[in-house]
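> Each chain, written out:
2 protein chains.
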Amino acid sequence: MVDHAQFFHQVPDDVLADMLPLAKKVAVAIGLEDGQYNLLQNNGPMAHQVVPHVHFHIIPKPSPEEGLKIGWPQKQVTPEDLKKTLGRIKEKL
Amino acid sequence: MVDHAQFFHQVPDDVLADMLPLAKKVAVAIGLEDGQYNLLQNNGPMAHQVVPHVHFHIIPKPSPEEGLKIGWPQKQVTPEDLKKTLGRIKEKL
Numbered sequence: 313m314v315d316h317a318q319f320f321h322q323v324p325d326d327v328l329a330d331m332l333p334l335a336k337k338v339a340v341a342i343g344l345e346d347g348q349y350n351l352l353q354n355n356g357p358m359a360h361q362v363v364p365h366v367h368f369h370i371i372p373k374p375s376p377e378e379g380l381k382i383g384w385p386q387k388q389v390t391p392e393d394l395k396k397t398l399g400r401i402k403e404k405l
Numbered sequence: 313m314v315d316h317a318q319f320f321h322q323v324p325d326d327v328l329a330d331m332l333p334l335a336k337k338v339a340v341a342i343g344l345e346d347g348q349y350n351l352l353q354n355n356g357p358m359a360h361q362v363v364p365h366v367h368f369h370i371i372p373k374p375s376p377e378e379g380l381k382i383g384w385p386q387k388q389v390t391p392e393d394l395k396k397t398l399g400r401i402k403e404k405l
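Residue numbers (our numbering), protein chains in the order written: chain A, 313 to 405; chain B, 313 to 405.
Any given hint might turn out to be false.
Heads up, the list lumps identical chains together, so a pair's fine if it works in one copy or across two of them.
Here are the simulated PhoX-like pairs of lysine-lysine, each with C-alpha atoms no more than 25 Å apart in a straight line [what the hints assert, rightly or not]:
#1 Lys381 to Lys404
#2 Lys402 to Lys381
#3 Lys402 to Lys337
#4 Lys337 to Lys396
Calculated directly from the structure, the hints in this document are not laboratory data.
Remember, it's a predicted structure, so these values are computed and weren't measured experimentally.
Isolated chain A (complex conformation) (with noise of 0.2 Å):
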């Protein structure tokens, strides 16, 4: 059986299950348990996906101009903003 998805979402369970463990024992393959590596799943040309189907990205961060640079710009959202999301989230779970 072939799967494919393009989303993290589409992917089944028992697929989804098997991914982490592999990417760990490549981690250390790559020689990474010191720590200083970023795992990124991309969804999205938006959120910067360019191949369309489902892959983690393990990128080694060896210095601080080396590897992966993140920018998160914050909103800023009052108490009841929030509280109104997590009743969103909650009622889907």
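With the hints as your guide, set chain B onto chain A.
For chain B alone, kept in the frame of chain A given last:
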């Protein structure tokens, strides 16, 4: 039993196996079925890890200005470099 791990590669496989199916439930509950989101897991303070235990960020990308911005400086490498790196990784797998 309480497990604690600062780094991804320290997490036992049976715990790792549960993480992505759970993340998928959360992604769907947040309403990300249309795509445009990132999964990010950081290891080590230099690699943007702020809280010293393993956790995944699920980051919606509703517009180019919001959500995760990434930079990923590229290095010039020769085919021989790549071959050596592949050999080193394969030895350990």
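> Now tell me, hint by hint, if it's right for this structure.
Status of each hint after checking the structure:
no., hint, result
1, Lys381 to Lys404, "neither (33 Å within a copy, 28 Å between copies)"
2, Lys402 to Lys381, "neither (32 Å within a copy, 27 Å between copies)"
3, Lys402 to Lys337, "between (34 Å within a copy, 11 Å between copies)"
4, Lys337 to Lys396, "between (40 Å within a copy, 19 Å between copies)"
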